[in-house]
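Produce the complete structure using the sequences and hints provided.
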Amino acid sequence: MPDVISQNMPFLLQGLVTTLRIAALTAIGGTLLGLAVGVAVQLRLPFVAGLLRVYIEFVRGTPLLVMLFICYFALPALMGLHVTAEQATVLGFVLFIAAYIAEDVRSGLRSIGSGLVRAALATGLTRLQSLRLIIVPLALRRIIPALFNQYVRLLKFTSVASVIGVQEFTGSAMLVNARVFAPVSILIFVALTYLILCLLLSSVGRVLHAYLAA
Amino acid sequence: MSKPIIILEDVSKSYGAVPVLRGCSTAVSRGEVVVVCGPSGSGKSTLLQCINGLEPYQSGSILVEGVEVGAKKTDLPRLRTRIGMVFQHFELYPHMTALENVVLAQVHALRRSRKEAEARGRRLLDRVGLASKADTRPGKLSGGQQQRIAIARALALDPQAMLLDEPTSALDPEMITEVLDVLIELADEGMTMMVVTHEMGFARRVADRVIFMDQGEIIEDSPTKTFFSAPVSQRAKLFLSKILSH
Ligand SMILES: Nc1ncnc2c1ncn2[C@@H]1O[C@H](COP(=O)(O)OP(=O)(O)OP(=O)(O)O)[C@@H](O)[C@H]1O
Ligand SMILES: [Mg+2]
Numbered sequence: 560m561p562d563v564i565s566q567n568m569p570f571l572l573q574g575l576v577t578t579l580r581i582a583a584l585t586a587i588g589g590t591l592l593g594l595a596v597g598v599a600v601q602l603r604l605p606f607v608a609g610l611l612r613v614y615i616e617f618v619r620g621t622p623l624l625v626m627l628f629i630c631y632f633a634l635p636a637l638m639g640l641h642v643t644a645e646q647a648t649v650l651g652f653v654l655f656i657a658a659y660i661a662e663d664v665r666s667g668l669r670s671i672g673s674g675l676v677r678a679a680l681a682t683g684l685t686r687l688q689s690l691r692l693i694i695v696p697l698a699l700r701r702i703i704p705a706l707f708n709q710y711v712r713l714l715k716f717t718s719v720a721s722v723i724g725v726q727e728f729t730g731s732a733m734l735v736n737a738r739v740f741a742p743v744s745i746l747i748f749v750a751l752t753y754l755i756l757c758l759l760l761s762s763v764g765r766v767l768h769a770y771l772a773a
Numbered sequence: 017m018s019k020p021i022i023i024l025e026d027v028s029k030s031y032g033a034v035p036v037l038r039g040c041s042t043a044v045s046r047g048e049v050v051v052v053c054g055p056s057g058s059g060k061s062t063l064l065q066c067i068n069g070l071e072p073y074q075s076g077s078i079l080v081e082g083v084e085v086g087a088k089k090t091d092l093p094r095l096r097t098r099i100g101m102v103f104q105h106f107e108l109y110p111h112m113t114a115l116e117n118v119v120l121a122q123v124h125a126l127r128r129s130r131k132e133a134e135a136r137g138r139r140l141l142d143r144v145g146l147a148s149k150a151d152t153r154p155g156k157l158s159g160g161q162q163q164r165i166a167i168a169r170a171l172a173l174d175p176q177a178m179l180l181d182e183p184t185s186a187l188d189p190e191m192i193t194e195v196l197d198v199l200i201e202l203a204d205e206g207m208t209m210m211v212v213t214h215e216m217g218f219a220r221r222v223a224d225r226v227i228f229m230d231q232g233e234i235i236e237d238s239p240t241k242t243f244f245s246a247p248v249s250q251r252a253k254l255f256l257s258k259i260l261s262h
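These protein sequence lines are chains G and S, in that order.
My numbering puts the first residue of the first sequence at 560, with every later residue one more than the last.
My numbering puts the first residue of the second sequence at 17, with every later residue one more than the last.
Because the hints were derived from the structure by calculation, they are not lab data.
It should be emphasised that the depicted structure is a prediction, and the values quoted were computed from it without experimental measurement.
Every residue, glycine too, gets a C-beta built ideally from N, C-alpha and C.
Take the hints with a grain of salt, since some may be wrong.
What the hints assert, rightly or not - So the derived label-pair ranges between C-beta atoms look like this:
| no. | chain 1 | residue 1 | chain 2 | residue 2 | range |
| --- | --- | --- | --- | --- | --- |
| 1 | S | E25 | G | V766 | 49 to 59 Å |
| 2 | G | F606 | S | G145 | 50 to 60 Å |
| 3 | S | A135 | G | T621 | 50 to 60 Å |
To be verified - Stretch by stretch, here's where chain S covers chain G in the computed footprint (C-beta under 8 Å, at least three residues):
| no. | segment |
| --- | --- |
| 4 | 629-636 |
| 5 | 674-681 |
| 6 | 694-700 |
To be verified - Chain S stretches covered by chain G per the calculated footprint, using a threshold of three residues with CB under 8 Å from any CB of chain G:
| no. | segment |
| --- | --- |
| 7 | 124-138 |
| 8 | 168-175 |
| 9 | 227-238 |
Right, dumping it as structure tokens:
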């Protein structure tokens, strides 16, 4: 390992921890929100479903960086509350990725045949029970590969947060570079780290999918 | 044979402008086995699905244990626990084991304790000859095994009647018998059943009555013997000659 890396390891690791924290919070929040939005839209909940469709389309037509600026600059100004750069980042990322996850959830729900729903209802389960006990768990299992694609994607786009001053992994590495100027070693190290993390993440997804596949 | 458990009176239903049931009336008494047959698209599945409220109907009346299925205030989930249903394509929950399939509604619809539900589930799996498959997922089982589990799932709620929609028509020939055997045993024990099937040997063996449907109408509703020896309608005759010739 080149000296520039090992000498700055504690600082870089700190950035990496921030990256992982943001990614984990985004993945959890994005999955929960995406699940709720996906189910609500698919069930065509009156009024709500229409609004949520607008949200999904809005996010899908907005660059991530713009989403981040909205959460960091516009929202606090509009609502008069103070948010840290990291809070704004997690909020923006969650709102962003949830729109995509909601679409994955919907396609998972659509993949479940009406016969299965009828069978569940025929055993005396209510609509809500069949949704909670059968349809949603089954849909989630089917979309595990898609979900992990989103997790990989969001792990990589956390680097965008450095733009608003969050000292995540890429940002920290660039700070080191500004001091010691060794872009080649530093960027190779940064890229390899993301690559390894992404590979790990997708293999977790594959194992989970194989284990839960039905 | 005592008072009817299912009563249909002049039931009609249409999808948009297309009528699928026209003025259907019949009654099924406790302990009776009724086979329903008829050409594809004649409304057999729709008829069964109306009986447990899976499909709405526009006019007429369906009473299950005296409760009007179509009435707004009817507690359909509760009514459905009283009637077991078995489907052509099994419709087992693919992400659950055989035992979990049989336990689920006992716990969540009947509010039995998990322990009680599992004990009952294991007894029923044993009864359909699949005790050893309790922890297996449906995807790893043959069609015949899956259908027997679906029957156990329906029986787990201690239903007062069973509705079976072509329970063997998705099965390979060598698996039909194992499923029919379970149904024959059920019939012999006095279970009330409506079975849509084209297995005429089964019908002769266990049915008390045969209903023949065509284009949404109940054309014939006769005791089994009469139906096979002297069907009243021309259409039933034609249907029988086609189905018995292969
Ligand atoms: N969801 C639906 N929308 C519109 N028409 C439908 C729908 N479901 C069924 N039908 C029509 O209703 C009629 C009766 O269908 P049903 O499934 O009850 O017939 P079936 O006797 O069970 O036929 P099969 O032997 O093929 O199972 C058919 O003409 C069918 O095309
Ligand atoms: Mg049918």
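Hints versus structure:
1. S/E25 to G/V766: 49 to 59 Å: Taking Cβ atoms as reference, S/E25 and G/V766 lie about 57 Å apart, which means the hint holds.
2. G/F606 to S/G145: 50 to 60 Å: For S/G145 against G/F606, whose Cβ atoms are near 51 Å apart, the range 50 to 60 Å holds.
3. S/A135 to G/T621: 50 to 60 Å: Given about 56 Å between the Cβ atoms, the range holds.
4. 629-636: violated (count 0)
5. 674-681: It holds: at least three residues are needed, and the segment 674-681 of chain G offers 7 whose Cβ sits within less than 8 Å of chain S.
6. 694-700: holds (count 3)
7. 124-138: Since 3 is at least three, the answer is holds.
8. 168-175: holds (count 3)
9. 227-238: violated (count 0)
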